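S.K.: Here are the chains, one letter per residue:
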Amino acid sequence: MEVKEKKEKGQEGVLRRIAGPVVTAVNIDAHMYDVVKVGHEELMGEVIKIQGDETIIQVYEDTSGIRPGEPVTNTGLSLAVELGPGLLTSIYDGIQRPLSVLVDKMGDFIQRGVSAPGLDHQKKWEFRPLVKEGDKVSPGTIIGEVQETNIVHRILVPPNVQGGTVKSIKTGSFTVEEIVCTLDTGTQLAMMQKWPVRVPRPVTEKMNPTIPLITGQRILDGLFPIAKGGTAAIPGPFGSGKTVTQQQLAKWSDAEIVVYIGCGERGNEMTEVLTEFPELEDPKTGKPLMERTVLIANTSNMPVAAREASVYTGITIAEYFRDMGYDVSLMADSTSRWAEAMREISSRLEEMPGEEGYPAYLAARLSEFYERAGLVRTLSGNNGSVSVIGAVSPPGGDFSEPVTQNTLRIVKVFWALDAKLSQRRHFPAINWLNSYSLYLDTLHDWYDKEVSPEWNVLRSWAMEVLQKEAELQEIVQLVGSDALPEAEQLTIEIARMIREIFLQQNAYDAVDTFCDMAKQYDMMKAIKGFADLAYGAQTAGVSPAQIISIKSKNDLPQIKFIKDYRPELERIQKSMDSEINILRSSA
Amino acid sequence: MKEYRTISKIAGPLVFVEKTEPVGYGELVNIVLFDGTIKRGQVLDTSDDLVVVQVFETTAGIGKDSGIRFLGETIKMPVGKEMLGRILSGGGKPIDGGPEIMPEKRLDITGAAINPYARASPEEFIQTGISTIDGTNTLVRGQKLPIFSGAGLPHNNIALQIARQSKVLGSQEAFAVVFAAMGITKEEANHFMHDFERTGALERAVVFLNLADDPAVERIITPRLALTTAEYLAFELDMHVLVILTDMTNYCEALRQIGAAREEVPGRRGYPGYMYTDLAGIYERAGIIKGKKGSITQFPILTMPGDDITHPIPDLTGYITEGQIVVSRELHRKGIYPPINVLPSLSRLMNLGIGKEHTREDHKKVSDQLYAAYAEGNDLRGLVAIVGKDALSERDRMFLEFADLFENRFVRQGYNEDRSIFETLDGGWNLLATLPVEQLVRIDRDLINKYHPKFRQEAKEQG
Ligand SMILES: Nc1ncnc2c1ncn2[C@@H]1O[C@H](COP(=O)(O)OP(=O)(O)OP(=O)(O)O)[C@@H](O)[C@H]1O
Ligand SMILES: Nc1ncnc2c1ncn2[C@@H]1O[C@H](COP(=O)(O)OP(=O)(O)O)[C@@H](O)[C@H]1O
Ligand SMILES: [Mg+2]
Ligand SMILES: [Mg+2]
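If you read the sequences in order, they're chains A and B. Here the first sequence stands for residues 854 to 1440, where the numbers follow the working numbering. Here the second sequence stands for residues 7 to 469, where the numbers follow the working numbering.
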């Protein structure tokens, strides 16, 4: 048998057919997911199907005007991102082209045929070595660092090169391409490495998460927490708060690095992040939030194939920072648009459609993606994590559709947005009865130790009251609220307080936008405090109407808007005490 | 230019042509009928042996004997300053008896995506004079805010009132209007045209008319021609442009028709799977660009089939636009104009355009409180129907009354009533004042002390 020689990279084939973002070429010996240059303008594309002598390519740019017969060149490389100093504060399109560079190169509108590297190859960074000659290094070893923003960017031996002994290492100012370290094996290392986006970066070990990602959002931290290294889905109809919630997490969660992917969503939303984040301070470090953030924006009207790639670009960048030992959180808004991009490409391939036209591999792609989250021991032995929070946009707000359902099978936290709540301007419009977190048990100890031994008890109490309210509401719907027994009239009132004081949180209020665990605890305790007083008074013969109408209780919601709330809270609690006492003594 | 006579199949709006030289994807096509008539189309799929052409007009008269010319470029729109005041067909040809447009430029109608990095945040408050918009669903310059309506509801009047009254406080400059009609009736079109003429808006307007009896497929290009024109006016001539697209439902029907002709696997309810991406290519052509003076504000109008907001047309629209104004049949039946139901309505950019620097510091909180109170009162209506008013608590009765007051005083206003934002907000406070102060949990104390009519009164008496 004759061994057919693999064709050289750079060899040319010819376009046979163009139909939107999917084109067919002949005469190239490509492999799946090879990056190819399409047409005279060398549009970037990726091989997604090989069939007989035909190679099917998804093109990341607009294909208008491209004709059959134009050349196609195989680069022989996979779609990869550039990883190194310069990632932070950047905004990229789905295939890691910096949008700021694209504006310089082609103006305000996105034209095609322009390539731009993910990192600035000219800029010099101060490199400080952390290993010395003679040290043994292996894949993942941290060999040095760069002060990138207020974040230290650790330079790693890429996972896909062989280790060895450091033969020489430099100190000083270098571009990302210049060699900073040479090993005895002859391997030369620069600050930049490349990694194919569709391949997860390797780790030593995946571990079970035990620490919550604190978000400053009461309903999340308080009732349905996500762990650092965990996965969460936030499905909801349009306008229910997916984006605002994700932006709140990007702003306030105690991750060290944030990767925010605008996948097939609105241009103005990305602009909002771009204008707002540099002005906002990280509550932990006091530094501009932008300094820890990488943005990926492939909006709804940008090419659909690049939208498909955007989530992979994002998660690869997230994994890279995780490998430095950071806690990274990644938001993808919206995974439905990603799934739709898959569907669009798939239907152009004339693949056999699965449920609602989505390709049969939808579930597999979703779970591969969420599997890239996790708390890990990195190759260098540090701990790092990637938490993934995916928005889901179900058609008609109906959660029974394939993307929501397949996502729920994978993720551990479900924040169910509810149009009925958002229409009342109850925000975050997360339905407390349908949502869940499967991390409650593993995070139990953390809350015990770090917040208060009382916290877990308070949480269960609040959930019970809310459940009870839902049952009582059904009765009220039939007979009216006055027909309820007295104790239950109080329960309704206390549930209202939990909803209006604790659960509702205004993202646009300067103070209320972020609420730390201490304040969450104080607020919940204050409500529970009132509940105890109320039930006590009621058993002692005070009427619910009297209890409910005590004056000082009305001040409680104001606590949300006060930064140094403690004195005011204490005052309110004292007055509630004395008002109830007066009622009791006259009962 | 080479003319082919190799049509092998004609199906719906599609024409299949064989054995051509290489033809570009998206290329403009002229189809020459035996009598010399020329129809226009566009290449949807191109390969060595077959080219699929989508025709923008009816395929009536096209046969295997028709000639096909590929023009070697994608569809372009001639644009120029003198377009203002002109009336064009849905395909961009003058139909007002005036001369052809003298093009200063010829622009690709698909339009490239604005680089998100080049965008500036829309944040300039537009006062429409309508309380349910200004007060609770504020519009800002550069926003895309559709009207979700139903057959027979007064969405056209609302759109006209907005177009007529819209102004940016402190700015003298009037909006230029680009109006694109897709499949609306002659009568509806006349209604718009008369109002434009009556108010003099026509001088600053460019009108594209594809009426109900015009070819359905032409509707695919009408909004793109309109937006190409709008982009030219906004980003090259520095104008603030208001684009009205009506009725997007007819546009989507045309899209479905083409999908069916191509025998594509249909998505939800028979609409193409790429409808989201396609609509985004229209709606995202709104906004502001850093360093440019002009802006594009979009008002798409659509009628929800069966008044169903979960229908794919409003659903996909809502997922792309920056909110929606929902017109309600129930309010219309109650005789309330404008029958805008604020509960499902939303302006996502509201927060950027309100507050101290833009309107008034209490705006956001007043709006939140009005919503919460109205929603609660509205819920209680259902309860009253079952258990009667007597079973309600004192508190509940107040909210129930609030809902009625809200509809009659805040929502209801005249077709020519142009309320200032301060009238709107003060009106809101007057309604809130009917509730006990301690029920106003969405508003901070300071604002209550400053703006609540009761405390204002007290302050006046003391001062
Ligand atoms: N006053 C309220 N404030 C905040 N949230 C509320 C309020 N009333 C109801 N909800 C939320 O809205 C959800 C649905 O409410 P409700 O049960 O009244 O509607 P429904 O019409 O019975 O629902 P469905 O149509 O699903 O049967 C509840 O689960 C609760 O989360
Ligand atoms: N936590 C919140 N606080 C205040 N307003 C909110 C909050 N979440 C959502 N909203 C309001 O709801 C609107 C829609 O939210 P958004 O996140 O854009 O919805 P989605 O992404 O689900 O379509 C926002 O513009 C804002 O007015
Ligand atoms: Mg969103
Ligand atoms: Mg129900």
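It is worth saying that the hints were derived from the structure and are not from the lab. Every value quoted in this text rests on a predicted model; they were computed, and no experiment measured them. Ideal Cβ placement from N, Cα and C applies to all residues, glycine included. Errors might be hidden in some of the hints.
So the derived label-pair ranges between C-beta atoms look like this [to be verified]:
(1) 1039(A) - 78(B): 20 to 30 Å
(2) 1313(A) - 387(B): 12 to 22 Å
(3) 1214(A) - 203(B): 54 to 64 Å
(4) 964(A) - 204(B): 58 to 68 Å
(5) 1324(A) - 298(B): 23 to 33 Å
(6) 1428(A) - 442(B): 25 to 35 Å
(7) 197(B) - 1324(A): 23 to 33 Å
(8) 22(B) - 1204(A): 40 to 50 Å
(9) 55(B) - 1214(A): 41 to 51 Å
(10) 422(B) - 1206(A): 46 to 56 Å
(11) 964(A) - 24(B): 41 to 51 Å
S.K.: Each hint should be assessed against the structure and marked as holding or not.
M.R.: Status of the hints after comparison with the structure:
no.: 1; hint: 1039(A) - 78(B): 20 to 30 Å; result: violated (54 Å)
no.: 2; hint: 1313(A) - 387(B): 12 to 22 Å; result: violated (35 Å)
no.: 3; hint: 1214(A) - 203(B): 54 to 64 Å; result: holds (57 Å)
no.: 4; hint: 964(A) - 204(B): 58 to 68 Å; result: violated (42 Å)
no.: 5; hint: 1324(A) - 298(B): 23 to 33 Å; result: violated (57 Å)
no.: 6; hint: 1428(A) - 442(B): 25 to 35 Å; result: violated (18 Å)
no.: 7; hint: 197(B) - 1324(A): 23 to 33 Å; result: violated (52 Å)
no.: 8; hint: 22(B) - 1204(A): 40 to 50 Å; result: violated (23 Å)
no.: 9; hint: 55(B) - 1214(A): 41 to 51 Å; result: violated (31 Å)
no.: 10; hint: 422(B) - 1206(A): 46 to 56 Å; result: holds (53 Å)
no.: 11; hint: 964(A) - 24(B): 41 to 51 Å; result: violated (33 Å)
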